[in-house]
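Letter 44 of the sequence shown, counting from 1, is numbered 24 in our numbering, and no numbers are missing.
Quick caveat, the hints were computed from the structure, so don't treat them as lab data. The beta carbon of each residue, even a glycine, is placed where N, CA and C say it ideally should be. Keep in mind that the hints are not guaranteed to be accurate.
[Stated by the list, open to error] Restraint ranges, calculated between C-beta atoms of paired labels, are given here:
#	residue 1	residue 2	range
1	52	27	36 to 42 angstroms
2	-4	19	19 to 25 angstroms
3	39	-5	32 to 38 angstroms
4	13	43	37 to 43 angstroms
5	30	-19	26 to 32 angstroms
6	69	47	15 to 21 angstroms
7	-18	70	20 to 26 angstroms
8	-10	33	24 to 30 angstroms
9	40	-10	31 to 37 angstroms
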Amino acid sequence: STLRIGELRYRIGDQMNHMAVLWGYAEVTPTKVTIMAEIAEKAEDIDIERAIAKVAEAERRLQVGGLPSEVKEAEISLEKARLRKKIAERARRSPHAS
């Protein structure tokens, strides 16, 4: 399956882990799931303040508008920043997450 921008959650023992995954592929077999992603970031590695700033920056770029390619780039930037922010916030709320 093709992956876009999204969240990957996986459990090791009792610990739920969160990652931001940006583009790639997933292969599912009866015994395992293999993820090949262009970018994958663990929740604990995401700088939430930077993600919040990137959300605001992308929203400003969308308000300004511009060429279709610039608008599309801003939309993708906003989607990525919102994902990173969401994952970092979720991991901080969960005592058994990373």
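Residue 39 and residue -5, beta-carbon distance inside 32 to 38 angstroms? holds, 34 angstroms
Just tell me: holds or violated, for the beta carbon distance of residue 30 and residue -19 against 26 to 32 angstroms? Taking Cβ atoms as reference, residue 30 and residue -19 lie about 30 angstroms apart, which means the hint holds.
Using the beta carbons of residue 13 and residue 43, state whether their distance is inside 37 to 43 angstroms or not. 39 angstroms Cβ-Cβ, so the 37 to 43 angstroms window holds.
Within 36 to 42 angstroms or not, the Cβ separation of residue 52 and residue 27? Because 25 angstroms falls outside the window, the suggested range is violated.
Status of the given 24 to 30 angstroms range, CB of residue 33 versus CB of residue -10: The hint (24 to 30 angstroms, Cβ to Cβ) holds, given that residue -10 and residue 33 are roughly 28 angstroms apart.
Range hint 15 to 21 angstroms (beta carbons of residue 69 and residue 47) holds or violated: For residue 47 against residue 69, whose Cβ atoms are near 33 angstroms apart, the range 15 to 21 angstroms is violated.
Cβ separation of residue 40 and residue -10, checked against the hinted range 31 to 37 angstroms: holds, 34 angstroms
Does the hinted range 19 to 25 angstroms hold for residue -4 and residue 19 at CB? holds, 21 angstroms
Confirm or reject the claim that residue -18 and residue 70 have a C-beta distance inside 20 to 26 angstroms. Since residue -18 and residue 70 have Cβ atoms about 24 angstroms apart, the given range 20 to 26 angstroms holds.
Taken one by one, the earlier hints fail for this structure at numbers 1, 6, listed in ascending order.
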